[in-house]
Amino acid sequence: NIVPAPLSLTRVAVTGATVTTIVTGGNGKYTWAAPHSTTLTGTGRTFSTIYLTAGVYTITITSGSQHLSIQITVTDAPPPAPVIDSVPNDIPDGVVGTAYSQLLVGTAGTAPYAFSIVAGAIPTGLTLSSNGAMTGTPTVNGFFFTFTVQITDALSRTGTHVYTLSIAPAVPPPPCPNISILPTVLD
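Here this note's numbering runs 16 ahead of the position in the sequence shown, where the first position is 1.
It cannot be assumed that every hint is accurate.
Quick list of the computed label-pair ranges, beta carbon to beta carbon [what the hints assert, rightly or not]: (1) G136 <-> I197: 10 to 20 Å; (2) V99 <-> N147: 47 to 57 Å; (3) V72 <-> V99: 50 to 60 Å; (4) V72 <-> P128: 16 to 26 Å; (5) P108 <-> L198: 41 to 51 Å; (6) D106 <-> P190: 26 to 36 Å; (7) H83 <-> A124: 34 to 44 Å; (8) I197 <-> A115: 21 to 31 Å; (9) P108 <-> S196: 23 to 33 Å; (10) S172 <-> V121: 16 to 26 Å; (11) V121 <-> V156: 20 to 30 Å; (12) A149 <-> P193: 14 to 24 Å.
Read the hints as simulated data drawn from the structure, not as lab findings. C-beta atoms are modelled at their ideal positions from N, C-alpha and C, and glycine is treated no differently.
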């Protein structure tokens, strides 16, 4: 009478909510039992289980008169980090000597947000406050001031947004009209 080797189980891969396992021992013929909230696939001595919800699961493998049960604890994976960004996507251009005001608003994270410039520079005369308000009066004209704003949410997650801003030269006042006095000769 040959006694089969004891059943043993080896976890070979964990991918997301899928656990792939190999069983050894027993008589080579295996049956698998898993809870209703899992999807069990496989043949022979390899099976994969997809866990649909968090919890503690018992998987039972039977080979002849031998039984092996294992418990697997599945925790909810944290949600993926949001892509922190700001709106609007584009900001309006400005004019030298004219007051400028644009509010940047954080999106997809947890308020409050903090804003800072991490690359490039905004036009001279403008400032970006930590609450996202870009204000001031531009003093230098130029095209395509490109700068990168970093947005940090309340959970210290960050994102960036690249902005381009042009500042037009000041518009000169219209010329003074010619004034004529008639008659040109006084008596």
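Outcome of the hint check:
1. G136 <-> I197: 10 to 20 Å: violated, 56 Å
2. V99 <-> N147: 47 to 57 Å: violated, 21 Å
3. V72 <-> V99: 50 to 60 Å: 33 Å Cβ-Cβ, so the 50 to 60 Å window is violated.
4. V72 <-> P128: 16 to 26 Å: violated, 39 Å
5. P108 <-> L198: 41 to 51 Å: holds, 47 Å
6. D106 <-> P190: 26 to 36 Å: holds, 31 Å
7. H83 <-> A124: 34 to 44 Å: violated, 49 Å
8. I197 <-> A115: 21 to 31 Å: violated, 39 Å
9. P108 <-> S196: 23 to 33 Å: For S196 against P108, whose Cβ atoms are near 42 Å apart, the range 23 to 33 Å is violated.
10. S172 <-> V121: 16 to 26 Å: holds, 19 Å
11. V121 <-> V156: 20 to 30 Å: holds, 27 Å
12. A149 <-> P193: 14 to 24 Å: Check failed, 41 Å falls outside 14 to 24 Å.
Of the numbered hints stated above, those contradicted by the structure are hints 1, 2, 3, 4, 7, 8, 9 and 12, listed in ascending order.
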